[in-house]
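Construct all of the structure, not just a fragment, from the sequences and the given hints.
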Amino acid sequence: MSDPMAEIRASFFVECEELLESLQDALAAMGDGEYDGETINVVFRAVHSIKGGAGAFGLDALVAFAHRYETVMDAVRSGQVELSPDAVKMFFNAADYLQDHVRAAQEGDAAPEGADECLQELEVFMGMPMGAEAEEEVSDFQPMGLMLDLDIGELDVGETVPAKETVFTVDFTPHSALFVSGNEPLHLLRAIRGLGALMDVSLDIDRIPDLDALTAEQSYLHWKIRLAGDLREEDIREAFDFIEDVCDLGINREAGEEAPLFSSAGPDTTGQNPSRPADTQPEDSSVAPLTDSANTAPPKVMSSPANKPSATSGGAAGGQKSGSEPSPTVRVDLDRIDRLVNLVGELVINQAMLSQSVTESGFPPNSAVMTGLEAFMMLTRDIQDSVMMIRAQPAKPLFQRMGRIVREASAAVGKEVRLKVEGETTEVDKTVIERLSDPLTHMIRNSVDHGLEMPEQRRAAGKPSEGVITLSAQHRSGRVVIEVEDDGAGINRPKVLQKAIDKGLIAPDAQLSDTEIDNLLFLPGFSTADQVSALSGRGVGMDVVRSAIQSLGGRITIQSEPGKGSIFSISLPLTLAVLDGMVVSVSGETLVVPLNAILETQTLTGADLRKLGPNTNVIHVRGEFVPLYDLGAELGYRGAMETYEGCIVLLTAQENGQRNALIVDQIIEQRQVVIKGLQQAYGHIPGVAAATILGDGQIALILDPADLVQNATGYTRSDFSLAG
Amino acid sequence: MTRLVLDPKLDLSKVAALNKSLLAAKGDDLEIDAGQVTLLGALGLQVLIASAKTWRDSGQTLTISPRSEFFDEALELFGVTVDDLQSTEAV
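Residue numbers (our numbering), protein chains in the order written: chain A, 379 to 1102; chain B, 101 to 191.
Treat the hints with care, since some could be wrong.
Here are the simulated SDA-like pairs of lysine to any residue, each with C-alpha atoms no more than 20 Å apart in a straight line [what the hints assert, rightly or not]:
1) B:126 x A:594
2) A:798 x A:743
3) B:109 x A:558
4) A:841 x A:831
5) B:109 x A:436
6) B:114 x A:798
Because the hints were derived from the structure by calculation, they are not lab data. Computed from a prediction, not measured in an experiment: that's the story for all the values here.
Have a look at this one:
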């Protein structure tokens, strides 16, 4: 189904994402008190561009919503209405609904409920209820330059009140290339009709030859379209956004003086000729120069290719407000990248095999073969890193989504919350970002619901009534650390402890450290909220979050200080495609244990071992007893051994700080391995995260120590054999 | 009288074939069935207008009937009437 229209439509929605992102950025800046013209313009342009594109595809509901949003923003821009923190919040809400509208348009769903009400509230709040456009257009519009203040009188008809009649004549001559590029004037005319103006379209039939002289694919078409109503020139211009280089376009405003506002298809405003000749040049194609008034007007902000985000991807990093120079980017289908990632994975495996056979061939270390191989290995590593970087994306879109969660959640529980975002340009693997959305949403909701106090409690505690949640991302020692920090009351440990006891999760006399108490939150079914709120507290909380994080190879930890707040830290691998692992051998099998799980390795002596119960052992490590697990027995390779004296253990740490000792026969090496998922073929295998292919072509399982321990028997006494 | 049933989707990919069919139908009265048209693209429209001219010049009738809703809506958007697509002799 290579419908060119569908492709263009898809790319429109991708652009919408980018526009929404810049909209959120600018609103966030406004939220920080930046009410400068450029920030406001960014908001305006983003909404305006969405509207323009939507019009071209006949997405009427989206156009209507964006139009009203834009109208209010326009009033802000022209200084008719003042911005305030509350107003910014409402703009944020409306932006959320705009996003819903875009989604609905994309999915073909009905317009989101509550969107109109939200806009109405905004309009009322800004003192421009229904028909505000009327007032708005009376005064001079500074930045637009296109909105000339013609006073034709105000009308009052129905719900959308046209302020004044502006009449535009549009000369539209599609080139043949317009059709070749998959565009269709029919859709365009429909979009123009969607602008809500009275439309009079006439096709110059005389230009079309008779059948004998006609070349079917060549365009002989020329339309003259008159539009009358509450219109702005850029509304019309937007409708032609996608096709301006494959048509001739002249837009003239008729009212008052005969002043062509701009003349050519191209973005130039020099008033020179139309940028390219048409197949059939309309004789009345307007080429008159701009009027003085237009020339002296401030820079136009109409959507021209210069300020319209082009078909380039995010490149969002950093460019918050500058917006002028998008870094050159290329959009690539994700499948292609994944294929490349896979191929590089194969390359790494192949290189490992080659390196192994070269080593076995006994070449001297400084031989040409060995140095060549080393250079090859370094190159492979560089290629691998670079390829992984392609999959990396800034955390920003994810963080922006959380902004919305905070707004919604705080409104639901009546708390004042501000989201502070740090390190949003930190790049994370695309899959990680996608799969992080749900757990992070839950964590943010938790912070709003449980972490922060009600405004009156905060004031009583000498804090500002507005709570702050800080969401940050950073790279730390080869991992990505994402933190959700709140300045709330901190974890109420006595309450948590009591709850755990009440629920029978721990023994009543259990002596737990602060960290251990905090970690009780991760127990399945644990919920500290006295009442189940609409927001959280349904008992599906943090344990689900933790398992989601773990399934990404990550860890989650809590730090909390009473009265000061809590920090939930998620530590994630940079990529899900490779992993630094320790290659070990157990009962003749080669296994890989993720390096980040290993604290230290040790050779056991008789003094380290202690018996515990009838069939388990623990080891004594620097004053602490650590449970001992025999990997060979747990994985069913063999039974428990007679003695573990002299055996090698890997001391591993879990997210909750609990340590375990895993017995292996031999540590072979430490290396980076390419992860090959088993999930699709075998489903979840307890204790096994994935597999990899080693240099000698052998397949090795990659263990998930935390999961393994959770499912382990812990039998390490020889009288209990588990083999078979 | 020749009868020609239009393709439901008259866009760039179909206009050459339509042009050819119409050329082949020249010299006879023609009734075009636009009842199944779901998309009348501008190039399709152009071919139909050109045909109307040709038929008019030759004094033969060209009528378009039946017409789908989409077809009529497209005509309206394009700013033409059905008479622009039929020869004057048409009823």
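Now for the hints, and whether the structure bears them out:
{"no.": "1", "hint": "B:126 x A:594", "verdict": "holds, 16 Å"}
{"no.": "2", "hint": "A:798 x A:743", "verdict": "violated, 54 Å"}
{"no.": "3", "hint": "B:109 x A:558", "verdict": "holds, 16 Å"}
{"no.": "4", "hint": "A:841 x A:831", "verdict": "holds, 10 Å"}
{"no.": "5", "hint": "B:109 x A:436", "verdict": "holds, 18 Å"}
{"no.": "6", "hint": "B:114 x A:798", "verdict": "violated, 56 Å"}
Checked against the numbered hints given earlier, this structure breaks hints 2 and 6; the rest are met.
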